[in-house]
Structure formats: C-alpha cells, structure tokens
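Participant: Spelled out from the first residue to the last, the chains are:
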Amino acid sequence: MFSHHDQTSPEGTRREPMTMYRHPPHKRAFGWPDLLVLAVVAALIYGLMGLARQWVGGAHFFVNIDLAPSALPKYAFFSLMRAVAAYFLSLGFTFVYGYIAAKSKHTERVMIPMLDILQSIPVLGFLPGLVLGMIAVFPNNNVGLELACIIMIFTGQAWNMTFGFYQSLKSVPAELREVSRVIRLSWWEKVKFIELPFSAISLAWNSLMSMAGGWFFLTVCESFTLGSRRFQLPGIGSYMAAAIEQKNHRAEVYGVLAMCLVIIFCDFVIWRPVMTWVRKFQMEEIQEEVADLPFVTTLLRESWLVRRLKLIMKRRERRRNAPLGASAFQSGTTPAAGTTARLTYEIRSRMRRQKIFDTNLLDLLAKLGTPLTIVVCVWGGTRLWEAVRTLTPHDWRLIWGSVGLTLARVAFALVFGSLWAIPVGILIGLSPRLTRFFQPIIQVAASFPAPMLYPIVTAALLKSGLGFHWGSAVLMMLGAQWYVLFNVLAGAMGVTRDLKDSLKLIGVGGFTRWWRLYLPAAFPAMLTGWVTASGGAWNASIVAEYLQYEGGIMTAAGIGSMISKATDAGNFPMLAGCLAAMVITVVGLNSTFWRWLHDLAETRFRFER
Amino acid sequence: MENPIVELKGVNHTFTMGMGQKLKVLSDIDFALYPDEIVALLGPSGSGKSTCLRIMAGLLKPSDGEVLVDGKRLDGANPWMSMVFQSYALLPWLTVFENVALGLEPHNLPKAEVRTRVKKAIDLVGLEGFEEAYPKELSGGMKQRVGVARALVMERPIICLDEPFSALDVLSAETLRAEILNIWLSKKTQTKSMVLVTHNITEAAAFAKRIFVMGTNPGHLRVSIKNDLPYPRDERSSGFKSLVNNIHDVITQAIIPDTPEWVPPALAGTSIETLPAVPLNELIGLLEFIAARGGQGDSFAISKELGKDFGQVLFLAKAAELLDFVDTPKNAIVLTDFGKRFIQGDVNVRKRVLHEALKQLKLSQLLEAKLREADHLALSIEIVLEHMREWLPNENAQAVLDTLIQWGRYGELFGYNDDTKEIYLDVGQENA
Chain H
1 MFSHHDQTSP EGTRREPMTM YRHPPHKRAF GWPDLLVLAV VAALIYGLMG LARQWVGGAH
61 FFVNIDLAPS ALPKYAFFSL MRAVAAYFLS LGFTFVYGYI AAKSKHTERV MIPMLDILQS
121 IPVLGFLPGL VLGMIAVFPN NNVGLELACI IMIFTGQAWN MTFGFYQSLK SVPAELREVS
181 RVIRLSWWEK VKFIELPFSA ISLAWNSLMS MAGGWFFLTV CESFTLGSRR FQLPGIGSYM
241 AAAIEQKNHR AEVYGVLAMC LVIIFCDFVI WRPVMTWVRK FQMEEIQEEV ADLPFVTTLL
301 RESWLVRRLK LIMKRRERRR NAPLGASAFQ SGTTPAAGTT ARLTYEIRSR MRRQKIFDTN
361 LLDLLAKLGT PLTIVVCVWG GTRLWEAVRT LTPHDWRLIW GSVGLTLARV AFALVFGSLW
421 AIPVGILIGL SPRLTRFFQP IIQVAASFPA PMLYPIVTAA LLKSGLGFHW GSAVLMMLGA
481 QWYVLFNVLA GAMGVTRDLK DSLKLIGVGG FTRWWRLYLP AAFPAMLTGW VTASGGAWNA
541 SIVAEYLQYE GGIMTAAGIG SMISKATDAG NFPMLAGCLA AMVITVVGLN STFWRWLHDL
601 AETRFRFER
Chain F
1 MENPIVELKG VNHTFTMGMG QKLKVLSDID FALYPDEIVA LLGPSGSGKS TCLRIMAGLL
61 KPSDGEVLVD GKRLDGANPW MSMVFQSYAL LPWLTVFENV ALGLEPHNLP KAEVRTRVKK
121 AIDLVGLEGF EEAYPKELSG GMKQRVGVAR ALVMERPIIC LDEPFSALDV LSAETLRAEI
181 LNIWLSKKTQ TKSMVLVTHN ITEAAAFAKR IFVMGTNPGH LRVSIKNDLP YPRDERSSGF
241 KSLVNNIHDV ITQAIIPDTP EWVPPALAGT SIETLPAVPL NELIGLLEFI AARGGQGDSF
301 AISKELGKDF GQVLFLAKAA ELLDFVDTPK NAIVLTDFGK RFIQGDVNVR KRVLHEALKQ
361 LKLSQLLEAK LREADHLALS IEIVLEHMRE WLPNENAQAV LDTLIQWGRY GELFGYNDDT
421 KEIYLDVGQE NA
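So the protein lines, in turn, are chains H and F. So for the first sequence, this note's numbering puts the first residue at 1; every next one is plus one. So for the second sequence, this note's numbering puts the first residue at 1; every next one is plus one.
Isolated chain H, as found in the complex:
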C-alpha cells in the first residue's frame, strides 16, 4: 500500500532554493519569444500530420528502421507522442478510478487492494496477448499495434498517479470539505476549486515519475518478437534495437544521445514549468526559497502573443463572472449595488444543480462500480484458477525456485546500487552547491530507460568474464540505483544546520558523524528509494533475464526469464502461474518487510516538524 505512490514532497523536492524573485523580464512587443512560440506550434502541426499517416496509412507491423541520424528527430517525435498519449490515458484513468475509490466507501475496499496488485504485476507479461488482440481488432492499419504499445506504457504510468490522487483526495482537510458544504459548491465546483488544486502537487510529482517509468516500457514495446513474428514500430526504441542488431556502434551512441535529449527536453519544456506552476497550490506557507524561473515559463511570460491571449481569456472570464460580482470581489472593492439579487438567484440555481450532480452521479458510479469490479475479479480469478490448475507440482517447484533466484538478483541490485548511491547521495545532498549542479543530471539519469543500455552493458559484462547469471543482476541495478541516489540526496538535504553544527562543535567527525547523523537522517528517504527501486528491478527482470542480444537470446534462470519464455511459447498456464507467484512475492514483501521498515522509519527516524 505504501510503495510507489508517496513521492509527494520532502523526498521528492528537487528544486533548488535560491532567492525569492527572478531576473527582470523585459516586456517587449512582438519579438523572438513569439517567433519561437510560433515555430513550436508549426513544428507540432507538421509532426502530428506525419503521426496521422503512420497510424492510419495502412498496416506496417514491421517497419525497417533508417539508422541515419537525420531520421532520429522523426523517431523521437513518434516515441514522445506515444508516451504523451499514454500519459493522458493514465491521467484520465487516475481521475476516474481515484475519484470513485476516494468517494465511495464500498468500492474503496475493493479498488485500493486491486490497485496495489496491479502495481506489482509485471505488466510486460501481458504484452503478447494485448498485441495480438489489438491487431485482430484493427487488421488494416497500425492503430491496433500503436494502441497496444500505448496501453503497455499506460500500465507502467497509471498506478502511482492514481494512488497519489486517491491519497490527496482522502487527505483534503475537513475544514475545506465543510466550507464547500457551507457555500453549497456543486459537485463540479468542488472538484475544480478544492480537490484538483489540493492534489495538484502530488499529481505533478507522480506524473513526472510516471513519464520516467513510461520510457522504460516504451523502449521495450516498440520492437519485439512473438514466436516467429516480429513487430517494430517507428520510434527511438526500435532505432536502438536495430542499431544493436546491426552492430552499428555509431548509431547506438546516436540513439542514447537522442533519448537523453528527449528526456532533457521534457524536463525543460514540461516538468520545470509544471513544477513552478503547481507551487502555487502549496497549502502550508513554507518559507521556501524559489529557484530561477524555468526557461519556458519565462518564454511564455515574455511572449507578446501569449500575453495577448491570456488577456483576452481573462476579459472573457471577467465578463462571465460579472453577474456574481466576482471580479469586484477579486479586486478588493465592495460589490456594486444590485448584485445581491443576482447572487440569490445564482445560489438558488446552484442548489438545484448540485442536487442532480452531487447525489445522483456519485451514487450511480458507486452502484455501477462495485458490482462491476466484483464481476471482473471473480471472472479473472476463475480464469486464473483454470489455467493454473493444470500445472504439476514440479512446475510449481520450478516457479518458486525461479522466484528465489530473481529475489536474490533484486537484493543484489539494491545492495550494490546502494553501496555507491548512498554515500554519493549524502555527499551531494549536504552541499547546496553540489545539489544545484547534480540534481537535474541525476533526474535525467533516473528517467533514462535502462533497457536501451542492456546490450551495450552485456557486451562489457561478458568481456569482463562475469557470467550472464549475475550479469543480469547488474542490468537490473542499472535502473534501480538512481532511485536510491535521488531519494537519499533529497533526504540528506533535510539535515538542519543546527544538527550539523552541534556535532561539529562536539567534535564528532568522519565516520561517526555519518553513522550517527547522516545515515539515520537519510533513512526514511532511502527506504522510499529502495521500495521504488525494487519495484523497478522486479519489472526489469523480465527483460534483463531474457535479453535479445546480437541476434540470439541470452537467458539467466529466474522468474523474469520464465515469464518471457512462457510468453514466447504461448504457454498460458505457465505464464499465469509465474505471474501469480511474482505478484504474491512482491505484494507479500511490500506488506511485511517493507512495511516493517517503513513503520520503523516513521516512528524513529523522522525529524519532527
């Protein structure tokens, strides 16, 4: 229940404190910021036209990839659009699922545990079934294959966002809820003025995490083999796969660079402005010093075009609000005479509307939702049981043995990843200067989809003589270590000056200071990092233990390779058994081992606020 979804503030805080206000934007008339905005709009339209052609221009389930660097922008754009589409799908799912779960006590009891299970399922195992199903629905164009890819990415993005949103909704302070009842806000007004703003920060952080997780699935889903059939969509993941297949090292480098650029681009163009924007929804008044404004925010603020547009929108809004006298309230003057009658009218009509929405809609959703969920669960359960029943005890021994092997690899990845990530994270986090420099870099590294590097790293591992058995654990570590580093860094930033000063004055230095202060202080954040990293490592095992490498396949015994093998062979009972075993293990670990550490961190190692 507490795994990937609690990345709201302190562990997530990444923006660097500096000064309150930023550089003076020199307001100008139409100028380069406008040209830039126009250019971006034009490029987007052009790109979307190409995208439309790719989707409905006939069925090409296997696209030959052009390894020339000049083709990369196109591929990067296609990939980005897939990730964005999946993100919006996740967002829609988040709103609907999270809202219903938070609002209806009956459905909540089913929906939340289900979410927990969904989050621990290695979704990659479902790729084949999904692809074949989708292609059957859209046989004459690429819509089916594209949708399958997008849904796979969605399954990597949605859960933590939904958890975050659900928890924000549940933690709306009682006073705010009472206020909304007193002023008789309608269902929609409550969402708009209270619930969405309240959950904005958590939603933004989880969105950032989700997009990063989405890249992982994207690179795996764009190019894959199903038995004898090969599927390849034009995209940056396929480019990398093709480069590795053809042993074109130059193209491999281009692919990695392009992926980095896309991630940096997203950081600059999407996440920095979003993070700056959501800061205004902060509930507590924290004396938070604010970094320089992100470039895009400045650009949008400076662009004459955008300012004009904003002004027009604002005027329209003001006109709309005029009957309520809202603009008069906003500007701080008393409302003009005569508005009282209108106000009464408005309130009356609101009461009518509220009745229709508030009670009926939610009730309906709850009434529909509960049986629907139960039906789905029962249906899924019976199907699973039927499949699993055919497995022999020998199969089960094999499955649980493999789970054990993969568990050892996950532990290896966490331990060895932590060995360097914890000290480095603390060292960086203790120095504001280093933090300012390294934090964005680490964020990019954490977002980078590790599977793109698997073949390159594997080559090095094989050369070094470390077999693939442990080599695959190194591959799993590749993605996992960054979560530890990132969170430990944020945790170390929370060590107050007084604490550092007091130990300095006592004369506690070196190892003792680390052991006594820095490590325990970073422990809660470290734990968040471990939980996220282990989730990522379990999922990565499906690719890392069963790797397409230079035309062949490298395997390491473990549950991940077993799932992949069962998938390739179309052995449904085996696949179901493996998935069930993995889910039981992951959920079990979450609710025992990690839960225990989590409670320890909360009771003992949290600083009091």
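If you are wondering where the hints come from, they were derived from the structure by calculation, not from laboratory data. A portion of the hints provided could be inaccurate.
List time: in silico DSS-like cross-link candidates among lysine-lysine, alpha-carbon distance up to 30 angstroms [said to hold, decoys possible]: (1) 504/H / 187/F; (2) 421/F / 192/H; (3) 504/H / 61/F; (4) 105/H / 192/H; (5) 119/F / 500/H; (6) 209/F / 504/H; (7) 119/F / 504/H; (8) 351/F / 500/H; (9) 280/H / 351/F; (10) 280/H / 370/F; (11) 24/F / 500/H; (12) 504/H / 370/F; (13) 500/H / 9/F; (14) 280/H / 22/F; (15) 421/F / 190/H; (16) 22/F / 504/H; (17) 61/F / 72/F; (18) 111/F / 504/H; (19) 111/F / 500/H.
Ranges between beta-carbon positions, derived for each pair [what the hints assert, rightly or not]: (20) 175/H / 285/F: 44 to 54 angstroms; (21) 23/F / 433/H: 13 to 23 angstroms; (22) 467/H / 79/F: 35 to 45 angstroms; (23) 338/F / 175/H: 48 to 58 angstroms; (24) 365/F / 192/H: 23 to 33 angstroms; (25) 175/H / 345/F: 52 to 62 angstroms; (26) 419/F / 371/H: 42 to 52 angstroms; (27) 604/H / 336/F: 51 to 61 angstroms; (28) 175/H / 166/F: 23 to 33 angstroms; (29) 380/H / 169/F: 25 to 35 angstroms; (30) 10/F / 604/H: 25 to 35 angstroms; (31) 183/H / 399/F: 28 to 38 angstroms; (32) 39/H / 370/F: 27 to 37 angstroms.
Built from N, CA and C at the ideal position, the CB exists for glycine as well.
Add chain F to chain H, keeping to what the hints say.
Facilitator: Coordinates of chain F only, in the frame set by chain H:
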C-alpha cells in the same frame, strides 16, 4: 583584570545571496568574554546575534576580522565551547542517554566513565528516570534539558545559549532559566562563562553580568550595559526594575529616537524613510489597543499587557508614527487625530485614511511616480525591486517591498498580481 577567553576583533560578515547579491549582517564587532561571567547579546531579529555566536564558536568563518581563543587565533570549531540550540538539535533516533553521551563521543572514554559522567549531567538537569526515553516522548522543556545536559557533559569552559528558551512556553522557560543559572552558580561543573543570545529583555537582565544591545542593518554592537545586581536576582526588586527600564530606554532610543537622526542638508529633501516590516493587522491591533485605553500608553506596559516582545511593539509604533497615526514622546505612544480617524472608522474609512497616509510617504510617492510612467500602470516585481535597492541601498529591499505591497493593498493604492508578477497602481479610487 584577567585576560579574555574569547575575543572578536573587528569582525565583519557578509552573506552572499542568490545572483551575487550581498547582504552585510555584521559590522565591526569588537567583543570580549572574560572568565566567570555571563554575557547576553540582546537584539531584535536580524541584528546578527546568532551569526555572532556562530563566529565565536568557529562554526562560521567571518568575512573579515579575527577570533581569538585564549589569545590564540581560532581555526575550525572552537574546542572551548559547547552550545545549546533553540531547535534543541537532538537526534531523534537516540535515547536521552545516548544523546547526552554523544557529547563524549570523540574522547573514546571507557564505558563506565561515560556512564558516570552522563548520569551526572542528566541528574544536574533533573532528567533522572528519562534516560531510556526518545526525544519525541518529551515536552519542549525536557528536550531542552537534554540539550543542556549534552552541553554540560562535554565539560568545556564556555556554554553558548542560542535563544534556548524561545521555543518553550513561559513557565518551562522560567524554570529552566533558573535551573541553568543555579547550575552555573553552584560551580559544580567546569563551565566558567556563558554567552546568551536572546531578544527577551528580562531574560538578559536576569542572566547576564554584561548586556550587549545589538542594532540592525547591518548588525552591530550598539551599547554595553553593566549589570552588577547580585545573583540570584529578584525580578520584583527595584534595582532589577530600574535596570530593565534602562535597557528599554536604550532600545527605544535606538528604534524610535525623539530627535530625528541628523541628515546632511544636501540630502534633506531626498532622504527616504524605510518601512519597518510589520504586518498591517498587528499595527491595527496595536492602534485599537491604545484607542481602547484612552488614546495613549507606555510602550513597555503595552508590550507586557499584549504579551508581545518589546522590540516588536516598538517597531509597530515606529510604523504607526511613520504613517502619522501616533506620536512617540519618550516611552509613550499617543494616538494622533489622524490615527483616531483611522481607528474609529469602519473598514472603508480606514482604507481611505491609509490611502491618504500612504500618499504622504516618500517611498510610496516614488513608487507611484514610477508606476504612472509605466505601460498600463504596472511594473514587474524585479524592476520595482531594483528601484527599491536604489532608493534604500542599506535595506532588505524584499522585506520593505513586501510590507509596502501589503499596506498598499489595504489602502488600495497598489496591487500585486501573482500570476503576472506585476505591481500595479490601483486607480479604482480615482475613478470612483
């Protein structure tokens, strides 16, 4: 006289803020601490007293000047000092015993020796029986006792107390204060001298043999007051009261002087008064309080009755005087006719009066002129900040501007739009 054990000579300190901005926090500090005395650094927030303490402790290297410990130049953390922090600075994962024992960590003493010394320190502060408790199980007063015990166990000659009672409730603060004084007087410990940083006048008067009153912008030592009252001091004695009054007068003169500071004739027309950073609601609260007591009162009596810090009341009075709402002859605060009009009116009258008052302020006149020159009567906050720095080079432009915006919003003279980050001229009243 004996030689000083700690000495600051010509210490200056400047903080570098973001974007290369510099803020001078300490100017020309000369200070000496002698054996067997308690010294208090007394001043409002922003007077650099904590910075001063950290420089003495070697936790901060001064930008300029030197720190001598027993006549030798200090390099790194001061080995003669231990410190008690306002925030307690306890480790939440260690028990009371372990937290205190942390003070002995570097000595690598045998376990039995650590045990006796920690026990002794814990007994001294009255925490027997709580050795195995974790800090979060303790009240604020008890936590600070752990902080004191940790400072005592180190057996260093000097203890620094950095606002040790500020986070505590009144009763706990008073008890702990008396106990710390008793421990020092009993001479059961190695502690020779103490440095207390505080903004509480009574606290300083009860503790210290010498009280340094510090001023702001940048922080400096304003005056040193000798306090030879014998320990333990009785707060109700006439000697104590007259000492406290004496300190009040010094601070009052510093914050709201009866004779305005002399300004060179060449600059007379151009001098710009800064705004004390006080919240408007507190200012109105003070005016209402005075109005309810017949329109005048003694500033110290008012601060006592309101339960507010004396310095803070003086800043409020200074702000009110700036707006012509009060006069401040000597220690009294007297409502003016203008102030009466303000406080007796309803919200709309108050807004109008404040509007008028703001229009008389040099600073808001300058800002208004700038805004009138600007495109659609608005300027981005950075540009306004730059002007502010030009007009008030020695002030924290940010704080002054925040205050001006707050007052301007109430008086409907200026407004601030957080979406566009612009300050604009509110012309609603002109059109009405």
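Participant: If a hint holds in the structure, say so; if it does not, say that too.
Facilitator: Here is how each hint holds up against the structure:
1. Among the hinted pairs, residue 504/H with residue 187/F is consistent with the structure: their alpha-carbon atoms are about 26 angstroms apart, no more than 30 angstroms.
2. Only pairs whose Cα atoms come within 30 angstroms are accepted, and residue 421/F paired with residue 192/H is accepted, the gap being roughly 24 angstroms.
3. At roughly 14 angstroms between alpha-carbon atoms, residue 504/H and residue 61/F fall within 30 angstroms of each other, so this suggested pair holds.
4. Pair hint residue 105/H plus residue 192/H holds up; C-alpha atoms about 22 angstroms apart against a cutoff of 30 angstroms.
5. Taking the CA atoms of residue 119/F and residue 500/H, the gap is about 25 angstroms. The hint holds against a cut of 30 angstroms.
6. Between residue 209/F and residue 504/H, the direct Cα distance comes to roughly 29 angstroms. Compliance with the 30 angstroms bound is thereby established for this hinted pair.
7. With a CA separation close to 23 angstroms, the supplied pair residue 119/F and residue 504/H stays within the 30 angstroms bound.
8. Taken as a hint, the residue 351/F and residue 500/H pair is broken in the structure, with Cα atoms around 48 angstroms apart against an allowance of 30 angstroms.
9. For the suggested pair residue 280/H and residue 351/F, the alpha carbons sit about 28 angstroms apart, so the restraint of at most 30 angstroms is met.
10. For the hint linking residue 280/H to residue 370/F, the alpha-carbon distance of about 28 angstroms falls within 30 angstroms, and the restraint holds.
11. Proximity of residue 24/F to residue 500/H is assessed by CA-CA distance (about 24 angstroms); at most 30 angstroms being required, the pair is judged to hold.
12. With a C-alpha separation of about 50 angstroms, the suggested pair residue 504/H and residue 370/F falls outside the 30 angstroms cut-off, and the hint is violated.
13. The suggested pairing of residue 500/H with residue 9/F holds, with an alpha-carbon distance near 26 angstroms, which does not exceed 30 angstroms.
14. Of the supplied pair hints, the one linking residue 280/H and residue 22/F holds, its CA atoms being roughly 28 angstroms apart against a limit of 30 angstroms.
15. The straight-line distance between the Cα atoms of residue 421/F and residue 190/H is roughly 28 angstroms, inside the 30 angstroms bound, and the hint therefore holds.
16. Between residue 22/F and residue 504/H, the direct Cα distance comes to roughly 26 angstroms. Compliance with the 30 angstroms bound is thereby established for this hinted pair.
17. Taken as a hint, the residue 61/F and residue 72/F pair is honoured in the structure, with Cα atoms around 15 angstroms apart against an allowance of 30 angstroms.
18. For the suggested pair residue 111/F and residue 504/H, the alpha carbons sit about 22 angstroms apart, so the restraint of at most 30 angstroms is met.
19. The straight-line distance between the Cα atoms of residue 111/F and residue 500/H is roughly 25 angstroms, inside the 30 angstroms bound, and the hint therefore holds.
20. Between residue 175/H and residue 285/F, the C-beta spacing of about 24 angstroms breaks the proposed range 44 to 54 angstroms.
21. The supplied range of 13 to 23 angstroms is met by residue 23/F and residue 433/H, whose beta-carbon atoms lie about 18 angstroms from each other.
22. For residue 467/H and residue 79/F, the hinted distance range of 35 to 45 angstroms is not satisfied, since their beta carbons lie about 55 angstroms from each other.
23. In this structure the supplied range 48 to 58 angstroms is violated for residue 338/F paired with residue 175/H, their Cβ-Cβ distance being about 39 angstroms.
24. In this structure, residue 365/F and residue 192/H break the distance hint of 23 to 33 angstroms, their C-beta atoms being roughly 42 angstroms apart.
25. For residue 175/H and residue 345/F, the Cβ-Cβ distance of about 32 angstroms falls outside the hinted range of 52 to 62 angstroms, so the restraint is violated.
26. Against the hinted window of 42 to 52 angstroms, the Cβ-Cβ separation of residue 419/F and residue 371/H comes to about 46 angstroms, which satisfies the hint.
27. For residue 604/H and residue 336/F, the hinted distance range of 51 to 61 angstroms is satisfied, since their beta carbons lie about 58 angstroms from each other.
28. As the Cβ distance of residue 175/H to residue 166/F is approximately 29 angstroms, the hint placing it in 23 to 33 angstroms holds.
29. A C-beta distance of roughly 58 angstroms is found between residue 380/H and residue 169/F, which places it outside the suggested range of 25 to 35 angstroms.
30. The hint said 25 to 35 angstroms for the Cβ distance between residue 10/F and residue 604/H, and at roughly 47 angstroms that hint is violated.
31. Checked against the hint of 28 to 38 angstroms, the C-beta distance between residue 183/H and residue 399/F comes to roughly 35 angstroms, which is consistent with it.
32. A hinted range of 27 to 37 angstroms holds for the C-beta pair residue 39/H and residue 370/F, which are about 35 angstroms apart.
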